[in-house]
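Protein chains in written order, with the working numbering: chain V, 317 to 673; chain R, 317 to 673; chain L, 317 to 673; chain P, 317 to 673.
Just so you know, not all the hints are guaranteed correct.
Copies of the same chain look alike in the list, so a pair counts if it works inside one copy or between any two.
Said to hold, decoys possible - Calculated lysine-lysine pairs in the DSBU-like style (CA-CA distance at most 35 Å, straight line):
#	residue 1	residue 2
1	K513	K361
2	K439	K580
3	K428	K580
4	K322	K493
These aren't lab readings, by the way, just hints derived from the structure by calculation.
Note that the coordinates shown come from a computational prediction; the quantities given were computed from them, not determined experimentally.
Protein chains: 4
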Amino acid sequence: MPKSAKLKIAIVGATGYTGLVLTELLLAHPKVEIQSLISESYAGKKFTDIYPAFTGLLAQTCAKPSLKLLQKADLVFFATPNGIAHKLAPALIKAGIKVIDLSADYRLRDLKSYEKAYGFKRKDKNLNAKSIYALAEFKRKDIAKNPAVIANPGCYTTASILALTPLLQAHKSGKIKLDLDSIIIDAKSGTSGAGRKAATEQLYAEINESISAYKAAGQHRHVPELEAFFAELTRQKTTISFTPHLVPMTRGLLATCYIRLNSKTSVEALRKLYAQAYAKEPFVELLAPGIQPQTKWVLGTNRALVQIELDKRNNQITVTSVIDNLIKGAAGQAVQNMNIIMGYPEVMGLALAPMLP
Amino acid sequence: MPKSAKLKIAIVGATGYTGLVLTELLLAHPKVEIQSLISESYAGKKFTDIYPAFTGLLAQTCAKPSLKLLQKADLVFFATPNGIAHKLAPALIKAGIKVIDLSADYRLRDLKSYEKAYGFKRKDKNLNAKSIYALAEFKRKDIAKNPAVIANPGCYTTASILALTPLLQAHKSGKIKLDLDSIIIDAKSGTSGAGRKAATEQLYAEINESISAYKAAGQHRHVPELEAFFAELTRQKTTISFTPHLVPMTRGLLATCYIRLNSKTSVEALRKLYAQAYAKEPFVELLAPGIQPQTKWVLGTNRALVQIELDKRNNQITVTSVIDNLIKGAAGQAVQNMNIIMGYPEVMGLALAPMLP
Amino acid sequence: MPKSAKLKIAIVGATGYTGLVLTELLLAHPKVEIQSLISESYAGKKFTDIYPAFTGLLAQTCAKPSLKLLQKADLVFFATPNGIAHKLAPALIKAGIKVIDLSADYRLRDLKSYEKAYGFKRKDKNLNAKSIYALAEFKRKDIAKNPAVIANPGCYTTASILALTPLLQAHKSGKIKLDLDSIIIDAKSGTSGAGRKAATEQLYAEINESISAYKAAGQHRHVPELEAFFAELTRQKTTISFTPHLVPMTRGLLATCYIRLNSKTSVEALRKLYAQAYAKEPFVELLAPGIQPQTKWVLGTNRALVQIELDKRNNQITVTSVIDNLIKGAAGQAVQNMNIIMGYPEVMGLALAPMLP
Amino acid sequence: MPKSAKLKIAIVGATGYTGLVLTELLLAHPKVEIQSLISESYAGKKFTDIYPAFTGLLAQTCAKPSLKLLQKADLVFFATPNGIAHKLAPALIKAGIKVIDLSADYRLRDLKSYEKAYGFKRKDKNLNAKSIYALAEFKRKDIAKNPAVIANPGCYTTASILALTPLLQAHKSGKIKLDLDSIIIDAKSGTSGAGRKAATEQLYAEINESISAYKAAGQHRHVPELEAFFAELTRQKTTISFTPHLVPMTRGLLATCYIRLNSKTSVEALRKLYAQAYAKEPFVELLAPGIQPQTKWVLGTNRALVQIELDKRNNQITVTSVIDNLIKGAAGQAVQNMNIIMGYPEVMGLALAPMLP
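In isolation and in its complexed conformation, chain V is listed as follows (with noise of 0.2 Å):
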């Protein structure tokens, strides 16, 4: 395309909450044009017929999802139900039309393991398998001379990526030994990570002033995907604890991790493992000492902000991290993958402050 031309985008589901994000951030990025907003359920209705906060600034109507509509797009982004992807990317890809999937199906290189967890049966191997889990901070090179698929990773791998991978790397390269078998990861996210769709637990009423746990002992769906990242960055298989807990507000993810230390190292040495691993990133912050970061502090933005304690009486690491499930989590993590794909600066329309209070 001529260099001043803007990138012609299509959103698949764009009327769910992470296709409602990635809208939000399109909007406002200065390289891109929203071609075609896609929507199964509205198609035909006027985006601001469902949401109205839009009035005035977007006079798009939704169109119904078809292969000819999205070969029209320079790039497509799949904010769909999991099992939707994967029919149409592949002729996608075929036709040169870059892809960007914010589902699940793309994530796993183990199809079995995907088949497993999510039940659809796939016929598109060739393609999985040269597809990439796209967590720019430790994938950025891959990503950027990746020619099929870019899966963005879920909100909870995301966070607790950020939140372990600086120690993993440290035990492979020999600078610390860790207990891999005690990993234990504590996620509490906001209500938006369920979507939006009508079901009674997911009412106002319901949800307010509660906490709980769901799917314990391991039955998470994103459980298979950090085992995956984990046991590629180690070279070694580890079964992981994790716990995902429903938090009484809409958006804002925090994992809680805890991984036992076998080698007598101090909590500033660990510190300056988070310190250089995260130097030159554009969205990762350690937080100085004693200073243990809210989801707050996130809303809105693409930042994650990362904290390390040491309890020196039993060696146990509790790293937490933060980010926003529906940016960092999801949308805007997918918009600095097209950023680099695009050759974009990663930066580009993600450079949002913080949104206090």
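Given chain V, work out where chains R, L and P should sit, using these hints.
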């Protein structure tokens, strides 16, 4: 200053909630440079000590308020409690520095009314007389050429004026007839409007899951502002019934305004008044018929959404308007005013998309 | 029944929010025994399958609605959607079973008005004519001797009537003069008022951090109830301006009521009207001067708190009242009515202390 | 005292949140009479001046703490900040007055550990030595006959002990094998746990829509309590990893507890341990398989709900438990203890139904 140089900004009261939001907005504004963050209570501390959310984004240390420091700026914002700006503004204006005051100090031309409502004696009568009540939508030209203090309207007042002015203008011009004595404004605000001061009645456990009125029956300090604005507009003294309410949410403000119609006018004709009044306004939208605005729809934006309904049974008009109390109701409006006086595009740094869900 | 025996209760619609709260209250009531919990949607399921919170407290299984089953009860509560009670009540009343209806079916004596508001054709004109709009504070004696259906008032109506009736009574008796055409009720409710139905607009992520009006300008179905009650009271047709609002909280309801005073009456004299009207009421309190009621203060109780203020500048009266919409506004009031018709102490099972913070 | 007479109660610290809830519970308790409400900060003020919600329910005026006044009571509750009860309790116990302390003063038998955690020097070693850590479910008999101070456990400790004790007992008796070094407790509490003190970090606008950890890595003061209890139970020193979190809700506490299983035990066998341990407990329930407890389900009750899951992949046990931090975690448990020492039915005044939604 040279065309290429950035506008040097000082924010007095940078660590309160309006100062905080102003800081957020100005951080992202392409034409300005935050030169100093002034905080009486936190002088000497890094801004990130108070708001760790800004780690990696803002390295400045808060300074004590001093004329010497303020005079290095091109433009000074006062995001201070009432009673402070009027002590410093005269010297700043004299020194050719532009002043935008987000407190109430320069909102009332009648200083007796000011002293009654706020309790501060004033020595700056001349400056006060020349200053302007700067609601951009209705005072744009005057703001642009004003040589004195730009007095930013209060949050309740902003929402109420945007809700009622098209009607009052039509009454003034004879297009419709209203019972001006019947104006009732029932306003609802998030708790950030009370500022960031430690007070038991503002604790989470006191506010959450509860709504109440406060300062009912004309006791709220925004009443004189409102009545002065409407008296100037209609050339008729009006006494307004105003009841503010505290809502369990951080941000957002809804004004539900009632006024009796004394002419036979259809709701369509009333809608047309708003459509025309706001046709060219970048930040105000009339919603489609039947859609009541929600405060969340403007959260994080400088926008106002308005709706008007008519009960034909008793000719009662109900107008609703929503704003983000800290943006359109405070810091955003202040930036909008800065853009106007500096000749920047009015939407610069304020083209914020809705932040849903 | 023998004096020692407990009153056998059936709750139709036990799994909706009002049915749920009714179940909670009746579980703790010393004179009753819950005989059957009726639920169309969950028939055959254990109550604890739907509400595991009752594990160990309530072993019953939900049953389908059937006349045969209901006729085993001494008293049947309808906590159903509108349009159901009127089909079953006639046979029950005929069989000598007491009926308390929490839906709107028996609230309006004028069936045309009912059919217009609710859309259901009615065949039970005689029963409807004899039934009673059972607001205990003003209809206690009539409730006690009523042979037909006890129609429990709506939540908005209850708060509004408790707020305005002492004034209207004084107007009727000539003690004060009011402009009856000036009544405006701006009401705010928690979301549980919408019931427990899966709907995207009731999701946590849609409701949280947002307030809005809905069904403004006389469109809400509680308007005919209110106008009928006030017309009966004042012997004068009055058209009320009523705007309900949805507040981000689960429970609680605040009515802010405005009426113009046309006589010279002091606020102290107005307070006296309320003090006298509610002196012997177990569930209604006038607060001390200057204290505005908060909805949280009545949460979990059957109480109403009221405040009255007068703006002397324009003789505008503002009355505020708060209730727990699910207790005094629904299930609690129903138990209060049960106590009245059964001759139990009126506060039995309802002497609930405030539940702060 | 004569059998018919009511037990005279003094509540020291009646206006803090635990004192408030204690007042609410005791108001409804059939066997007691609140003789004095003691408040250092509000002495001389009516209780309804501080909490107008009690208008019409409680006419008492708060009094200064004095031994003279306290000695008129039969039983004194300390709902005070730490460091106060230990100054007054010795004289009260000497005078034959019963003392239940909701603060931490008498929770630790090891005073060095107390002084390290709380910073207060103690002169009451004998009394402390004889006092009892009064978690009713596991110390019922000892509480009943205890002559010294009844030390009410902390909220986090209560939830954690109820979650883990059946497992630890089974380990002690050899039924199962656990890795005691692997205990991790990730706890989540509503904000009322921080008490009613004005602090900017407890403002609604700071807490709402945000979750964060605090005092991680063994820094929280409930850690010594927990470790002491488990050491006594297992006869083995255990170091627990404990991370408390602040959740945007007023009340409720969830403990997610992790422990590694070293024996081949099925989840059904683990469930049986809980079913047996709590079979006769009036306030603790094991939920049906697959149902994770929500904090809201115990709101307003003295109940605890527990769930246990086993990840067979790595033999990791996850136990979750929920309580209302102000009732079972503080005031309710104190009333339960009062019932035990007075020989009242243990559930008296505490048979509170769930308060949903």
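Check your understanding: Out of the numbered hints, which ones does the structure contradict?
Key -> The structure conflicts with hints 2 and 4, although it agrees with all the remaining ones.
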